Amino acid sequence: MKERRAIQVLDDQTVNRIAAGEVVERPAAAVKELVENSLDAGATRIEVEVEMGGRQMLRVRDNGIGMARDEALLSLQRHATSKIRTAADLFSIETMGFRGEALPSIASVSRLEMTTRPFEQESGTLIEVEGGEIVKMEETSAPVGTTITARDLFFNVPARLKFLKTTATEMGHILETVMRYAFAYPEVSFRLLHDRQEILFTQGNSDLISVVASVWGREIARELVAVETEHKNVRIAGLISPPHATRPTRQYQLFYVNGRPARGKTLFAALDGAYKSLTPEKRHPICILMIEVPPNLVDVNVHPAKTEVKFQRENDVFSAMAAAVRSALLDHGMIPSALPPESTARPTPAIPDVRIPTSGTAQPPAGNTIHPPGTKVYMPDSETLNEILFQRAGLSPTPPSEPDERLDEEFDSSVPSGEQPSSDIASSANQPSPAWMTEEPLAPRHLPFADLLDGLQILGQIANTFIIAWTNKGLVIIDQHVAHERVLYEMLCDERGSMPIQKQYLLEGAPLQLDRKSALLLQEKMQELERIGFELEPFGTDSFLIRAVPAAIAQKDYLGLLREMIEELVDISVARRLPVAREQIWTTTSCKMAVKAGDPLSMPEMQKLIEDLAKTENPYLCPHGRPITLTMTLSELEKRFKRT
Amino acid sequence: MKVRCPRNQLHDALSLVAHAASGRTSLPILSHLYIEAQEDSVKLIGSDLEQWVEFSVPAMVEEPGKITVPAKLITELIGSLQSEEVDMEQGEKGTLWVRARGAEYRFVGLPPEEYPSVPELENPSEFQLPASLFMEMVDSVEFAVSQEEARATLTGLKMEYESGTLKLVATDTHRLAVSEAKVELGSGSADVSAIVPLKAIQLVQRLPSQESFTLNLSDHRAAFAGANARITTQLIEGQYPNYQRVIPAQYTRLWKVMTAELKMALKRASLVARENGNKVVLRTEGEKLHITARGEGVGEASESVELVREGDDLEIAFNVRYLLDMLDVIKEEGISVELTESLRPALFKPVEKQDYLCVVMPMAL
Ligand SMILES: Nc1ncnc2c1ncn2[C@@H]1O[C@H](COP(=O)(O)OP(=O)(O)OP(=O)(O)O)[C@@H](O)[C@H]1O
Ligand SMILES: [Mg+2]
Numbered sequence: 001m002k003e004r005r006a007i008q009v010l011d012d013q014t015v016n017r018i019a020a021g022e023v024v025e026r027p028a029a030a031v032k033e034l035v036e037n038s039l040d041a042g043a044t045r046i047e048v049e050v051e052m053g054g055r056q057m058l059r060v061r062d063n064g065i066g067m068a069r070d071e072a073l074l075s076l077q078r079h080a081t082s083k084i085r086t087a088a089d090l091f092s093i094e095t096m097g098f099r100g101e102a103l104p105s106i107a108s109v110s111r112l113e114m115t116t117r118p119f120e121q122e123s124g125t126l127i128e129v130e131g132g133e134i135v136k137m138e139e140t141s142a143p144v145g146t147t148i149t150a151r152d153l154f155f156n157v158p159a160r161l162k163f164l165k166t167t168a169t170e171m172g173h174i175l176e177t178v179m180r181y182a183f184a185y186p187e188v189s190f191r192l193l194h195d196r197q198e199i200l201f202t203q204g205n206s207d208l209i210s211v212v213a214s215v216w217g218r219e220i221a222r223e224l225v226a227v228e229t230e231h232k233n234v235r236i237a238g239l240i241s242p243p244h245a246t247r248p249t250r251q252y253q254l255f256y257v258n259g260r261p262a263r264g265k266t267l268f269a270a271l272d273g274a275y276k277s278l279t280p281e282k283r284h285p286i287c288i289l290m291i292e293v294p295p296n297l298v299d300v301n302v303h304p305a306k307t308e309v310k311f312q313r314e315n316d317v318f319s320a321m322a323a324a325v326r327s328a329l330l331d332h333g334m335i336p337s338a339l340p341p342e343s344t345a346r347p348t349p350a351i352p353d354v355r356i357p358t359s360g361t362a363q364p365p366a367g368n369t370i371h372p373p374g375t376k377v378y379m380p381d382s383e384t385l386n387e388i389l390f391q392r393a394g395l396s397p398t399p400p401s402e403p404d405e406r407l408d409e410e411f412d413s414s415v416p417s418g419e420q421p422s423s424d425i426a427s428s429a430n431q432p433s434p435a436w437m438t439e440e441p442l443a444p445r446h447l448p449f450a451d452l453l454d455g456l457q458i459l460g461q462i463a464n465t466f467i468i469a470w471t472n473k474g475l476v477i478i479d480q481h482v483a484h485e486r487v488l489y490e491m492l493c494d495e496r497g498s499m500p501i502q503k504q505y506l507l508e509g510a511p512l513q514l515d516r517k518s519a520l521l522l523q524e525k526m527q528e529l530e531r532i533g534f535e536l537e538p539f540g541t542d543s544f545l546i547r548a549v550p551a552a553i554a555q556k557d558y559l560g561l562l563r564e565m566i567e568e569l570v571d572i573s574v575a576r577r578l579p580v581a582r583e584q585i586w587t588t589t590s591c592k593m594a595v596k597a598g599d600p601l602s603m604p605e606m607q608k609l610i611e612d613l614a615k616t617e618n619p620y621l622c623p624h625g626r627p628i629t630l631t632m633t634l635s636e637l638e639k640r641f642k643r644t
Numbered sequence: 001m002k003v004r005c006p007r008n009q010l011h012d013a014l015s016l017v018a019h020a021a022s023g024r025t026s027l028p029i030l031s032h033l034y035i036e037a038q039e040d041s042v043k044l045i046g047s048d049l050e051q052w053v054e055f056s057v058p059a060m061v062e063e064p065g066k067i068t069v070p071a072k073l074i075t076e077l078i079g080s081l082q083s084e085e086v087d088m089e090q091g092e093k094g095t096l097w098v099r100a101r102g103a104e105y106r107f108v109g110l111p112p113e114e115y116p117s118v119p120e121l122e123n124p125s126e127f128q129l130p131a132s133l134f135m136e137m138v139d140s141v142e143f144a145v146s147q148e149e150a151r152a153t154l155t156g157l158k159m160e161y162e163s164g165t166l167k168l169v170a171t172d173t174h175r176l177a178v179s180e181a182k183v184e185l186g187s188g189s190a191d192v193s194a195i196v197p198l199k200a201i202q203l204v205q206r207l208p209s210q211e212s213f214t215l216n217l218s219d220h221r222a223a224f225a226g227a228n229a230r231i232t233t234q235l236i237e238g239q240y241p242n243y244q245r246v247i248p249a250q251y252t253r254l255w256k257v258m259t260a261e262l263k264m265a266l267k268r269a270s271l272v273a274r275e276n277g278n279k280v281v282l283r284t285e286g287e288k289l290h291i292t293a294r295g296e297g298v299g300e301a302s303e304s305v306e307l308v309r310e311g312d313d314l315e316i317a318f319n320v321r322y323l324l325d326m327l328d329v330i331k332e333e334g335i336s337v338e339l340t341e342s343l344r345p346a347l348f349k350p351v352e353k354q355d356y357l358c359v360v361m362p363m364a365l
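Chains as they are written, first to last, in the working numbering: chain A, 1 to 644; chain B, 1 to 365.
In isolation and in its complexed conformation, chain A is listed as follows:
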């Protein structure tokens, strides 16, 4: 039995730490709060300096209004704010801050140093705080404005410290944060330094396009078009991409509501609605949209981090967004008016409407006794999987996240291993009318694959997507893309290098210009990319020269493939808030390099693909967890045609 403990009131410090758990969960959150304060202080220049991903030191320097000595002292107290007076003010907030919580929270989990001077005074104030206690205060000479330095973040909260990820990941979040504000405030010059290296700089010349160019690169900047409309009290301004310039995830969609970075389903839904039928499925347009609504019509207090917004009149936002996008695209001639919008979507290969009933996969029929162990047909998609894992680990679904090794482990263990056979299958293969053949549903089957290939005869390809074959066991349908994906994936994972990747050199290095974030990621993952057959060489800021490419894609659009891969890896690193694991690189690579649905294949090509597939360790599921083959036994066919 557990020992009973006395009930106690927590001391102030503890309370502060709990608050810190909400406000400052990682270095990027501290940067966010400090930058917001600088913006609230009317700064036109904000410099963020970071060491070791913010763990060692982060400093925000501004040229804003500064604070007098008494104000400075007060600012470090909980619930001390200059920004609202009464609870009623909460409904018409026009500043970023309003809780009076950020500074004390940061101060309570770091060694903080504040230097500040208001313009009307000759000298400034220096205050040093350690874990919440003021340890020093003196007059000092300082430029007008405020500089706040937080060192050894979480030095007194070891648990938090443990949750911090690699320097690169934390830095990625900080860059993301500063970037968001740089877009929202083109009139403010932002500078971000990491370990003394400048990784972001905007001029503060009020030109959003030039901010985009310096943050995302000129290529993206060139594609965007301006939006500006007003519709029932909702003003929308910013930049959007034409329907053909899209990304695989929402990473390049930024929204601001009254100057505050915002997320929320409403916003995505509104944008998707506006682009409906203009962009291919699963691709997302790029946008930076500033939405202005009367302060009393939006509630920012929903989320502790203040990023989730709720509108009083959602419909107005929807229709304003639709109107804004439509008119901008029409203005720039980007909606082909002669064609119906549908025809601009990516053509999908026409798949004849031949459906084979799959009831067996959804609900195994009663009496289906044989289900080889590990026959888990449907994998939860990785998003859901993440959620499950995090819940299991006692974390919230959108967590500061677990170390990824753990994720991969769990992920792997839930994938059927592929080497199956419960002995009954193996032995039954010799019997004249094996029992297992009679009740097997049409489902990804887990026969030993070599068995499955017994007497394989390729009948052909349908819809340039599926390979249809006949074996001694029955009819086999193979999804060519996922099959090839699996073959390539195992080739990449194979440390023994039994099927090594060959590298083909180029006559001339092909230049690859990237945005800062992609360049950082590429820099970091260079070795992995070389392992898969690319040879790259840095070539000035954010640029690389491709010297060699994987031989397998030498005759394809290798530049486009590499770009797409990097794009997707960046998106993954942002969306999952995880550093990119090498397995992720392999998965993405194999997916990009594999033959696509819609690629016609010759007989020998199909033959080779199936032979290669048979050699893989898991010919049943692709690296994303989708099934590769479907089989239908002869008796199953007979049953369906009511022949038995």
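Do not take every clue at face value.
The calculated DMTMM-like cross-link candidates involving lysine to aspartate or glutamate, where the alpha carbons are at most 20 angstroms apart (straight line), are [unchecked claim]:
hint: 1; chain 1: A; residue 1: K556; chain 2: B; residue 2: E142
hint: 2; chain 1: A; residue 1: K556; chain 2: B; residue 2: E148
hint: 3; chain 1: A; residue 1: K608; chain 2: B; residue 2: E142
hint: 4; chain 1: A; residue 1: K310; chain 2: A; residue 2: E292
hint: 5; chain 1: A; residue 1: K615; chain 2: B; residue 2: E142
hint: 6; chain 1: A; residue 1: K596; chain 2: B; residue 2: E148
Stretch-level coverage of chain A by chain B, calculated; a stretch enters the list once three of its residues show a Cβ under 8 angstroms from a Cβ in chain B [stated by the list, open to error]:
hint: 7; stretch: 503-514
hint: 8; stretch: 556-569
Keep in mind the hints are simulated off the structure, nothing from the lab. Note that the structure is predicted; figures quoted are calculated from it, not measured. Even for Gly, the Cβ is constructed at its ideal location relative to N, Cα and C.
Using the hints provided, position chain B with the ligands relative to the given structure of chain A.
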């Protein structure tokens, strides 16, 4: 329109012209052929708006006129008729009657006025090309043309005329082939260059054999005119890479080998190499060139051929397909290879001939 044509000639013409017709259905008229009867011939036109093929067939014309017919249908029908001659006659509402010894067919056409007209060339430069020479040049570089649409300029053949020399160039960024010949300029500006789509070149290759043809080059179009046929094509717009830059100017190693011997050895080694990204390793040792390949789970290949050599020994790997593509078009007995290092380009040339070269980039060892 009412005409009688020799069936064989009509069929040859139709098959070529139908090749230019487009499979796209977005503009239905492009899946048709245009037929016009005038004086003593029938002119056929097929196009996909990138290429236009015009072909004239001798005919007895009773009544001139014009019409369009579905390309595939008419070509297949004329191909499967048995008679010496075929009669074609315009019916009502743009239909066409085709009659031959007991067979009678009627096809539905589209208004001939809507057929896109063949564009003119502005201020072209004109060359007279011996057909066999030009075809040989095309054959010797065609394999290096890129298939990848993402880099449009590389999907064409670069034609360049400068001070009396015509050069054909192709590259897919891994290899480069250049073939050149002295050619007389007929008229027009002296220095011209153009990127001709591979499809146009392939149509030229299908022209019935003839002595020579006329090549016209202008800023946006090119035309190849033979005795009865003329192929007009749009050029690929854009900047062709500066290929001169990638032709190595110096070498530290020089190999000379017999073309046929090397080709046969590589062909055999490729059986194994194809299991391993087509990689073959070439290594010199004394007077021998060793060729090896490994295919995991398949086995190994080892070959050696005689070699005359300057410079130190070297080991270098190539995609065997790239080597074979090149060796297939070299007609000369001997071939020379100029090299420096194992990750640097190799320059292949027929021995004692200066009119052809092929640069191939190696694979990692
Ligand atoms: N960089 C700065 N320049 C001038 N004044 C500042 C600066 N940073 C903070 N302050 C002052 O200190 C006060 C406390 O800041 P703090 O960030 O803790 O709270 P807040 O911004 O009011 O609300 P929130 O907790 O929502 O951020 C602010 O209200 C402001 O008056
Ligand atoms: Mg604040």
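Taking the hints in turn, this is what the structure says about them:
Between K556 (chain A) and E142 (chain B) the CA atoms are separated by roughly 17 angstroms; this keeps the pair inside 20 angstroms, and the hint holds. Between K556 (chain A) and E148 (chain B), the direct Cα distance comes to roughly 6 angstroms. Compliance with the 20 angstroms bound is thereby established for this hinted pair. Taking the CA atoms of K608 (chain A) and E142 (chain B), the gap is about 27 angstroms. The hint is violated against a cut of 20 angstroms. Pair hint K310 (chain A) plus E292 (chain A) holds up; C-alpha atoms about 13 angstroms apart against a cutoff of 20 angstroms.
Between the alpha carbons of K615 (chain A) and E142 (chain B) the distance comes to roughly 36 angstroms, so the proposed pair goes past 20 angstroms and is violated. Taking the CA atoms of K596 (chain A) and E148 (chain B), the gap is about 15 angstroms. The hint holds against a cut of 20 angstroms. Check on the stretch 503-514 of chain A: 7 of its residues sit with their Cβ under 8 angstroms from a Cβ of chain B, so the three-residue criterion for coverage holds. Counting residues of the stretch 556-569 of chain A whose CB falls under 8 angstroms from any CB of chain B gives 4; the rule of at least 3 is met.
Hints 3 and 5 from the list above are not met by this structure, while the remaining hints are.
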